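With the sequences and hints as input, model every part of the structure.
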Amino acid sequence: MDEEKRYDVMEDAFGSERRKAKMLNFSIAYGKTPIGLAKDWKVSLREAKQTVDLWYKERQEVLKWQEARKKEAAQLGRVYTLLGRARRFPSIRHATSLQKGHIERAAINTPVQGSAADVAMCAMLEIDRNRRLKELGWKLLLQVHDEVILEGPSESIEEAKALVVNCMSKPFKGKNILQVELVVDAKCAQNWYAAK
678 MDEEKRYDVM
688 EDAFGSERRK
698 AKMLNFSIAY
708 GKTPIGLAKD
718 WKVSLREAKQ
728 TVDLWYKERQ
738 EVLKWQEARK
748 KEAAQLGRVY
758 TLLGRARRFP
768 SIRHATSLQK
778 GHIERAAINT
788 PVQGSAADVA
798 MCAMLEIDRN
808 RRLKELGWKL
818 LLQVHDEVIL
828 EGPSESIEEA
838 KALVVNCMSK
848 PFKGKNILQV
858 ELVVDAKCAQ
868 NWYAAK
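Be aware that the sequence shown starts at 678, since it is given in our numbering, and climbs by one per residue.
If you are wondering where the hints come from, they were derived from the structure by calculation, not from laboratory data.
Quantities reported herein were computed from a predicted structural model and do not represent experimental measurements.
Be aware that a few hints might be false.
Unchecked claim - The calculated SDA-like cross-link candidates involving lysine to any residue, where the alpha carbons are at most 25 angstroms apart (straight line), are:
(1) Lys873 <-> Ala863
(2) Lys726 <-> Leu753
(3) Lys734 <-> Ala698
(4) Lys699 <-> Ala793
(5) Lys697 <-> Ala872
(6) Lys864 <-> Arg809
(7) Lys777 <-> Pro788
(8) Lys747 <-> Asn702
(9) Lys699 <-> Arg736
(10) Lys726 <-> Arg695
(11) Lys852 <-> Ser792
(12) Lys726 <-> Pro711
(13) Lys852 <-> Val825
(14) Lys838 <-> Gly851
(15) Lys811 <-> Pro830
(16) Lys741 <-> Gly713
(17) Lys716 <-> Leu740
(18) Lys847 <-> Ser792
(19) Lys748 <-> Ala793
(20) Lys816 <-> Val842
(21) Lys811 <-> Leu827
(22) Lys747 <-> Asn786
To be verified - For each label pair, taking beta carbons as the anchor points, the in silico distance ranges come out as:
(23) Glu835 <-> Gln737: 40 to 48 angstroms
(24) Arg809 <-> His779: 43 to 51 angstroms
(25) Asp862 <-> Gly814: 17 to 25 angstroms
(26) Pro830 <-> Trp742: 43 to 51 angstroms
(27) Arg765 <-> Leu740: 33 to 41 angstroms
(28) Leu740 <-> Ala698: 13 to 21 angstroms
(29) Tyr733 <-> Trp869: 31 to 39 angstroms
(30) Leu813 <-> Asp862: 34 to 42 angstroms
(31) Glu724 <-> Arg762: 32 to 40 angstroms
Where is the CB? At the ideal position from N, CA and C, for every residue including glycine.
If you want it as C-alpha coordinates, here you go:
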(Lines of atoms letter the chains of each structure in order from A and count residues from 1; the text may use other names and numbers.)
(Lines give C-alpha, C1' and ligand atoms only; values in the text may rest on other atoms or scores of the structure.)
Protein backbone atom coordinates (compact mmCIF):
# COMPACT_ATOMS: atom_id res chain seq x y z
CA MET A 1 0.00 0.00 0.00
CA ASP A 2 1.53 3.30 -1.00
CA GLU A 3 1.84 6.24 1.41
CA GLU A 4 -1.10 8.24 -0.01
CA LYS A 5 -3.55 5.31 0.15
CA ARG A 6 -2.46 4.49 3.70
CA TYR A 7 -3.19 8.08 4.70
CA ASP A 8 -6.65 7.86 3.12
CA VAL A 9 -7.46 4.73 5.14
CA MET A 10 -6.29 6.41 8.35
CA GLU A 11 -8.27 9.54 7.47
CA ASP A 12 -11.39 7.41 7.00
CA ALA A 13 -10.78 5.55 10.26
CA PHE A 14 -9.90 8.52 12.45
CA GLY A 15 -11.25 11.56 10.59
CA SER A 16 -14.71 11.32 12.11
CA GLU A 17 -13.35 10.92 15.65
CA ARG A 18 -10.91 13.79 15.13
CA ARG A 19 -13.73 16.06 13.92
CA LYS A 20 -15.84 15.13 16.96
CA ALA A 21 -12.95 15.83 19.35
CA LYS A 22 -12.26 19.15 17.64
CA MET A 23 -15.93 20.12 17.84
CA LEU A 24 -16.07 19.15 21.52
CA ASN A 25 -12.93 21.14 22.38
CA PHE A 26 -14.07 24.26 20.56
CA SER A 27 -17.61 24.00 21.92
CA ILE A 28 -16.47 23.95 25.53
CA ALA A 29 -13.70 26.50 24.99
CA TYR A 30 -16.27 28.91 23.56
CA GLY A 31 -18.57 28.50 26.54
CA LYS A 32 -20.86 25.60 25.67
CA THR A 33 -22.82 24.61 28.77
CA PRO A 34 -23.60 21.03 29.86
CA ILE A 35 -27.21 21.63 28.76
CA GLY A 36 -26.10 22.64 25.26
CA LEU A 37 -23.60 19.80 25.10
CA ALA A 38 -26.22 17.22 26.16
CA LYS A 39 -28.57 18.49 23.46
CA ASP A 40 -25.94 18.63 20.69
CA TRP A 41 -24.37 15.25 21.47
CA LYS A 42 -27.63 13.52 22.48
CA VAL A 43 -26.29 12.39 25.86
CA SER A 44 -27.65 12.73 29.37
CA LEU A 45 -27.17 15.98 31.25
CA ARG A 46 -25.17 14.06 33.86
CA GLU A 47 -22.78 12.71 31.21
CA ALA A 48 -22.45 16.14 29.58
CA LYS A 49 -21.70 17.76 32.96
CA GLN A 50 -19.05 15.12 33.70
CA THR A 51 -17.46 15.78 30.29
CA VAL A 52 -17.39 19.54 30.82
CA ASP A 53 -16.06 19.17 34.38
CA LEU A 54 -13.30 16.82 33.23
CA TRP A 55 -12.40 19.14 30.35
CA TYR A 56 -12.02 22.11 32.72
CA LYS A 57 -10.14 20.04 35.30
CA GLU A 58 -7.46 19.48 32.66
CA ARG A 59 -7.56 23.11 31.49
CA GLN A 60 -8.02 25.27 34.57
CA GLU A 61 -6.25 28.21 32.93
CA VAL A 62 -9.01 28.31 30.30
CA LEU A 63 -11.68 28.47 33.00
CA LYS A 64 -9.81 31.31 34.76
CA TRP A 65 -9.53 33.22 31.49
CA GLN A 66 -13.23 32.70 30.72
CA GLU A 67 -14.25 33.88 34.19
CA ALA A 68 -12.09 36.99 33.73
CA ARG A 69 -13.87 37.76 30.42
CA LYS A 70 -17.29 37.36 32.08
CA LYS A 71 -16.20 39.69 34.88
CA GLU A 72 -14.83 42.19 32.35
CA ALA A 73 -18.14 42.17 30.47
CA ALA A 74 -20.14 42.59 33.69
CA GLN A 75 -17.97 45.40 35.10
CA LEU A 76 -17.10 47.32 31.93
CA GLY A 77 -19.97 46.32 29.67
CA ARG A 78 -17.48 45.26 26.97
CA VAL A 79 -14.57 42.98 26.06
CA TYR A 80 -11.66 43.55 23.69
CA THR A 81 -9.84 41.81 20.89
CA LEU A 82 -6.07 41.59 20.62
CA LEU A 83 -5.89 44.88 18.72
CA GLY A 84 -8.28 46.69 21.04
CA ARG A 85 -11.54 46.43 19.14
CA ALA A 86 -14.41 46.42 21.65
CA ARG A 87 -17.61 44.43 21.66
CA ARG A 88 -20.10 46.19 23.88
CA PHE A 89 -22.77 44.61 26.04
CA PRO A 90 -24.87 47.58 27.23
CA SER A 91 -27.78 45.39 28.33
CA ILE A 92 -25.77 43.08 30.62
CA ARG A 93 -26.75 44.91 33.83
CA HIS A 94 -30.48 44.45 33.13
CA ALA A 95 -30.33 41.05 31.45
CA THR A 96 -32.39 38.04 32.45
CA SER A 97 -30.40 34.95 33.45
CA LEU A 98 -30.96 33.48 29.97
CA GLN A 99 -29.78 36.70 28.30
CA LYS A 100 -26.84 36.93 30.70
CA GLY A 101 -25.71 33.41 29.73
CA HIS A 102 -25.80 34.38 26.07
CA ILE A 103 -23.86 37.59 26.75
CA GLU A 104 -21.25 35.72 28.82
CA ARG A 105 -20.69 33.21 26.01
CA ALA A 106 -20.31 36.12 23.57
CA ALA A 107 -17.81 37.73 25.98
CA ILE A 108 -15.77 34.51 25.90
CA ASN A 109 -16.04 34.05 22.15
CA THR A 110 -15.37 37.64 21.03
CA PRO A 111 -11.72 37.98 22.15
CA VAL A 112 -10.88 34.63 20.54
CA GLN A 113 -12.72 34.99 17.25
CA GLY A 114 -12.18 38.75 17.07
CA SER A 115 -8.45 38.42 17.71
CA ALA A 116 -8.19 35.73 15.03
CA ALA A 117 -9.89 38.20 12.69
CA ASP A 118 -7.41 40.90 13.77
CA VAL A 119 -4.48 38.64 12.87
CA ALA A 120 -6.05 37.60 9.54
CA MET A 121 -6.78 41.23 8.65
CA CYS A 122 -3.21 42.30 9.40
CA ALA A 123 -1.84 39.35 7.40
CA MET A 124 -3.97 40.35 4.41
CA LEU A 125 -2.70 43.92 4.67
CA GLU A 126 0.89 42.61 4.70
CA ILE A 127 0.16 40.52 1.60
CA ASP A 128 -1.56 43.44 -0.15
CA ARG A 129 1.35 45.79 0.62
CA ASN A 130 4.03 43.35 -0.49
CA ARG A 131 5.69 44.89 -3.55
CA ARG A 132 7.46 41.72 -4.60
CA LEU A 133 4.19 39.77 -4.78
CA LYS A 134 2.79 42.51 -7.01
CA GLU A 135 5.91 42.49 -9.20
CA LEU A 136 5.51 38.74 -9.61
CA GLY A 137 1.87 39.21 -10.66
CA TRP A 138 0.17 37.74 -7.58
CA LYS A 139 -3.20 39.01 -6.33
CA LEU A 140 -5.03 38.35 -3.09
CA LEU A 141 -8.46 37.03 -4.07
CA LEU A 142 -10.21 35.80 -0.97
CA GLN A 143 -9.99 35.16 2.75
CA VAL A 144 -11.90 32.33 4.43
CA HIS A 145 -11.45 32.15 8.21
CA ASP A 146 -7.68 31.79 8.64
CA GLU A 147 -6.94 31.02 4.99
CA VAL A 148 -6.05 33.34 2.14
CA ILE A 149 -6.31 32.53 -1.53
CA LEU A 150 -4.06 34.20 -4.07
CA GLU A 151 -3.78 33.94 -7.82
CA GLY A 152 -0.65 34.32 -9.88
CA PRO A 153 1.68 32.89 -12.51
CA SER A 154 2.99 29.36 -12.02
CA GLU A 155 6.58 30.43 -12.78
CA SER A 156 6.86 32.21 -9.43
CA ILE A 157 4.92 29.82 -7.19
CA GLU A 158 7.73 28.97 -4.79
CA GLU A 159 8.86 32.55 -4.28
CA ALA A 160 5.28 33.78 -3.87
CA LYS A 161 4.50 30.98 -1.41
CA ALA A 162 7.52 31.92 0.73
CA LEU A 163 6.50 35.59 0.69
CA VAL A 164 2.91 34.78 1.71
CA VAL A 165 4.09 32.50 4.54
CA ASN A 166 6.34 35.31 5.80
CA CYS A 167 3.49 37.86 5.62
CA MET A 168 1.13 35.56 7.50
CA SER A 169 3.62 34.48 10.17
CA LYS A 170 4.68 38.10 10.78
CA PRO A 171 1.43 40.00 10.18
CA PHE A 172 2.17 43.07 12.28
CA LYS A 173 4.23 45.22 9.93
CA GLY A 174 6.70 42.40 9.34
CA LYS A 175 6.81 41.28 12.97
CA ASN A 176 5.03 38.83 15.23
CA ILE A 177 4.08 40.67 18.42
CA LEU A 178 2.35 37.64 19.91
CA GLN A 179 3.75 35.36 22.58
CA VAL A 180 3.08 32.36 20.35
CA GLU A 181 4.48 31.42 16.98
CA LEU A 182 2.11 31.76 14.04
CA VAL A 183 2.63 28.52 12.16
CA VAL A 184 1.59 28.86 8.53
CA ASP A 185 0.91 26.03 6.12
CA ALA A 186 0.90 26.90 2.41
CA LYS A 187 -0.24 24.88 -0.58
CA CYS A 188 -0.36 25.58 -4.29
CA ALA A 189 -3.07 24.15 -6.54
CA GLN A 190 -5.10 24.90 -9.64
CA ASN A 191 -8.21 25.56 -7.51
CA TRP A 192 -9.26 25.87 -3.88
CA TYR A 193 -10.79 22.39 -3.74
CA ALA A 194 -7.55 20.78 -4.90
CA ALA A 195 -5.62 22.66 -2.21
CA LYS A 196 -7.73 21.16 0.59
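Evaluated hints:
Between Lys873 and Ala863, the direct Cα distance comes to roughly 11 angstroms. Compliance with the 25 angstroms bound is thereby established for this hinted pair. At most 25 angstroms may separate the alpha-carbon atoms for a hinted pair to count; Lys726 and Leu753 exceed this at roughly 30 angstroms. Of the supplied pair hints, the one linking Lys734 and Ala698 holds, its CA atoms being roughly 17 angstroms apart against a limit of 25 angstroms. Annotation: proposed proximity of Lys699 to Ala793 holds, straight-line Cα distance about 17 angstroms (limit 25 angstroms).
Restraint check for Lys697 and Ala872: the C-alpha separation of about 23 angstroms stays at or below 25 angstroms, so the hint holds. Between Lys864 and Arg809 the CA atoms are separated by roughly 19 angstroms; this keeps the pair inside 25 angstroms, and the hint holds. Our distance criterion of 25 angstroms between C-alpha atoms is met by Lys777 and Pro788, whose separation comes to about 17 angstroms. Distance restraint check for Lys747 and Asn702: the Cα-Cα separation of roughly 19 angstroms lies within the 25 angstroms cut-off, and the hinted pair is therefore satisfied.
Annotation: proposed proximity of Lys699 to Arg736 holds, straight-line Cα distance about 15 angstroms (limit 25 angstroms). The hinted pair formed by Lys726 and Arg695 meets the criterion: a straight-line CA distance of about 21 angstroms does not exceed 25 angstroms. Under the criterion of a C-alpha separation no larger than 25 angstroms, the hint pairing Lys852 with Ser792 is consistent with the structure, at around 16 angstroms. A distance of roughly 5 angstroms separates the Cα atoms of Lys726 and Pro711; the hinted pair therefore holds under the 25 angstroms criterion.
Restraint check for Lys852 and Val825: the C-alpha separation of about 19 angstroms stays at or below 25 angstroms, so the hint holds. Distance check on the hinted pair: Lys838 and Gly851 sit about 16 angstroms apart at the alpha-carbon level, within 25 angstroms; holds. Straight-line distance between C-alpha atoms of Lys811 and Pro830 comes to about 11 angstroms, which keeps the hinted pair within the 25 angstroms bound. Proximity of Lys741 to Gly713 is assessed by CA-CA distance (about 21 angstroms); at most 25 angstroms being required, the pair is judged to hold.
Of the pairs offered as hints, the one joining Lys716 and Leu740 holds, with about 22 angstroms between alpha carbons and a cut-off of 25 angstroms not exceeded. Between the alpha carbons of Lys847 and Ser792 the distance comes to roughly 15 angstroms, so the proposed pair stays at or under 25 angstroms and holds. At roughly 22 angstroms between alpha-carbon atoms, Lys748 and Ala793 fall within 25 angstroms of each other, so this suggested pair holds. Taking the CA atoms of Lys816 and Val842, the gap is about 15 angstroms. The hint holds against a cut of 25 angstroms.
At most 25 angstroms may separate the alpha-carbon atoms for a hinted pair to count; Lys811 and Leu827 meet this at roughly 11 angstroms. The hinted pair formed by Lys747 and Asn786 meets the criterion: a straight-line CA distance of about 11 angstroms does not exceed 25 angstroms. Remark: the range hint 40 to 48 angstroms for Glu835 to Gln737 is upheld by a beta-carbon distance near 44 angstroms. Checked against the given bound of 43 to 51 angstroms, the beta carbons of Arg809 and His779, roughly 46 angstroms apart, stay inside it.
Take Asp862 and Gly814: their Cβ atoms lie about 23 angstroms apart, and the range 17 to 25 angstroms holds. At roughly 45 angstroms, the beta carbons of Pro830 and Trp742 sit within the given window of 43 to 51 angstroms. At roughly 24 angstroms, the beta-carbon separation of Arg765 and Leu740 lies outside the given 33 to 41 angstroms, and the hint is violated. Under the hint 13 to 21 angstroms, the C-beta atoms of Leu740 and Ala698, about 19 angstroms apart, fit the expected range.
Restraint check, Tyr733 to Trp869: a C-beta distance of roughly 37 angstroms satisfies the suggested window 31 to 39 angstroms. As the Cβ distance of Leu813 to Asp862 is approximately 21 angstroms, the hint placing it in 34 to 42 angstroms is violated. At about 38 angstroms, the CB distance of Glu724 to Arg762 agrees with the hint of 32 to 40 angstroms.
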